[in-house]
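Chemist: Produce the entire structure from the sequences given, and follow the hints as far as they go.
Chains as they are written, first to last, in the working numbering: chain A, 1 to 362; chain B, 1001 to 1249.
I should point out that these hints are in silico values taken from the structure, not numbers from a laboratory.
Hints may be right or wrong, so weigh each one.
If the Cβ cut is set under 8 Å, some of the chain B residues that face chain A in the computed set are [said to hold, decoys possible]:
| id | residue |
| --- | --- |
| 1 | 1029 |
| 2 | 1127 |
| 3 | 1128 |
| 4 | 1129 |
| 5 | 1208 |
| 6 | 1212 |
| 7 | 1216 |
| 8 | 1229 |
| 9 | 1232 |
| 10 | 1233 |
| 11 | 1239 |
| 12 | 1240 |
| 13 | 1244 |
Not everything, but these chain A residues come out facing chain B in the computed CB check (under 10 Å) [unchecked claim]:
| id | residue |
| --- | --- |
| 14 | 19 |
| 15 | 25 |
| 16 | 244 |
| 17 | 254 |
| 18 | 259 |
The C-beta atom is built at its ideal place from N, Cα and C for all residues, glycine as well.
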Amino acid sequence: MSKVWLRWAPAAAAIVVVAGAAIAVPTVANASVSLPAKTPTQVLELVASSHVRAFSGTVEETSDLGLPSLPTGSVPSSVKGGTSADIALLTGPNSLRVYVDGPTKARVQDLESLAERDVIRNGSDVWVYDSKDNSVGHSTLASRQHFVRPGSAPQATTPDPTDATPAGLAKKLIAQLEPTSNLSVDSNVRVAGRAAYDLVLTPKVTDTLIGSVSIAVDAETGLPLRVQIDARGQKANAVSIGFSSLDLSTPAASLFAFTPPAGAKVTELTKDASAGPEAPGTSATKPAETVTGHGWDSVVTVAAAGSLGKLSQSAEFGELTTAVAGGRLLHTSLINILFTTDGRIVAGSVSVARLQEVASAQ
Amino acid sequence: MLAALAAVPILIAIAVRVTRAGDGGGGPAFLDRIENNGLFVVFVALTVCVPLFLPLTVGVVAGDTIAGEASNGTLRYLLIAPAGRIRLLVVKYIGAAAFCLAATLVVCIAGALIGFALFPSGSVTILSGDTVSLANALGRSLLVALYVTVSLLGLSAIGLFVSTLTDVPVGAMAATIILSVASEVLGQLPQLDWLHPWLFSNYWLGFGDFLRDPISWSNFGTNAALQAGYLIVFGALAYGRFAAKDILS
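Modeler: Structural data, given as C-alpha cells:
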C-alpha cells in the first residue's frame, strides 16, 4: 500500500511546488508598502508637481461593466470599425504599450492577437496605423484639438496618444471631480513594481452609479500609475487602467519616426471634413451637446440626428438595450445611456429616473 | 507527417498566387500581406497550423512515445538494458521536443522557400507599421519558430504522461489531441476568463509579439513559465506512473 503511494510522491511534490510558485509570485508582488504618510491634499500636490517628461510602459485595461461578454472571434468582421469593435473594447481586457517623450512625441500601440493599432504623434504630425487592413491615417496638428480614444475608428478628430495613459485619465478625472468629492488616502499599493499612494475620490452626492475612483500615485515622481473606478454594488472594478510595467528612461527617437509602409492605404484626416467612408456616423457638424449638472451626477444630452438611426437598427443594439419609458436604455454598472424615442442620447452615471427627468425637462 | 506539414504553406502560397483574390479582408491574419512579401507565407502558415495541425502531429508523436513501444512489444527490451526508466522517459521526451522544433522549422522553411519563389521579397512591414530589413525579419521568424516550439512543450509532456497510462498508442494519441482541442475550446469561452492564463494553449497565437517594434518579450516569458509548469507536473506524473508500472509487453 505505502509503496504504491510512494511512487506518486514526486508527482504530488511537483504539483505542490508549481501551484505554490503560481500563488506565491503575485503575493510577493503585492506585499505591503511603507511610505511616509501624506494627506489627500499633499497627494494632489504631488500629482500637480509631477514633471515626468519621458516614459515608456505597458498599460493594462480591464473592465467589468455588467455587459454580456462576447466570445472572442464571434464578432462579425463585416461591421467595420463600428459598434462591435467598441463593444469588444468595453468587455475584454486590453493591453497597450505607451511611449512618451515630452509633450509632442508619443506613441501608443494597442496590442491585439496577431494585430496592432498604433497612434503616433511626432511634433505636429499624427499618424494612425491599423495592421489589420494596413491602413494609415495622417493629420497635421495646428494646436491641441479634439481627442478621440486611440483604437477607436479614425474620426474627423485628432487623437491624442497620451489620453490612453493612466496619467492623462487621472489628471482629467481629478480636474473634473475633485470639487465634488470627499478625498481620502487608502493604504499604499504597489503598481508596476513601484510604491504608490492610493488617492480615493468618493462622490459627495448619492445619486450616482459610481462608488469611488481610486488613483494610484507614484510616490517618487507623482505620476498617476493606475486608475480604478468602482461601481456601487459591484465587487470587481468596473474599470481599471494601470501600468503593468513602467520605465522612466527616454524611449528611442526612432519609435516616433513613422513613415507609411509601402502598399498602405493612406487617408488624410482633416479637422472639419468627414473622414470618408471608413468612419460612418461622423458628421461634418458636431451634434449639439448639453451638460446638465457638474461632477459626478452630470448628465450629457446629445442630439444625435442621423447617426443613431443606423445604430438602433443593428441586432446588437436590440440585445444590449431594454425598453423603458421614453426610449431604450443601455445599462452598465457605471453608466446609463438612454436613447430617447425622439432621437436624443441622454447619458450619465446616474439612475434611470434621473435620466428620464433630464430628458423630459428639455 | 513533416511532409504533410510542409504542404500547408505550399498550398497557401499556391492558392494565393493562383487566385489573386485581392484584399477581401477575410481569412487568417496576414493573408493579404503575402502578395507584398513572400515571408508572410510563413506567418499565415503558422497561424493556420498552430491551433490544429501542429498539436495534431505533436499529439501523435508524444502519444506514441511509451504506448507505441508497449504495443510493439519492444518496451521490455528497452528496459532490459541497464538504462533505467527515468532515462527512458527523459530520452523519449527529448525526442518529442525535438519533433516540436522540427515540425515548426519545416513549416517555416517550406513557407519561406515557397514564399520567396512565388512572391517578391525585400523589406518587411511588421505589425507596428514599421518597415524592417529582410535579414531582421528572418531573425524574427526564427524567434517565432522558437516561440511556437516552446508553446508545444507542455502538450508534449501531457502526451508523454497519457502514453504511460495505456498500451494502445492510438488511444494515447487521441486523448492528447482531445485535451489540446478541449483546452482551446475552453480558451474561447469568456465566462472562464479566470481559467485562461492556466491553459497551455492560451499563448499559442502570441507569436505576433515578435512582429512588433520593439519586440514584446512579456508573453514569451509567461508562456515559457507556463509550459515549464506543465512540463514539471506532467513529467512527474509520467514518472509516478511509469516508475512502478508492470511492463507486460
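Chemist: For each hint given before, does the structure comply? Return the numbers of the non-compliant ones in rising order.
Modeler: Hint check: nothing fails, all pass.
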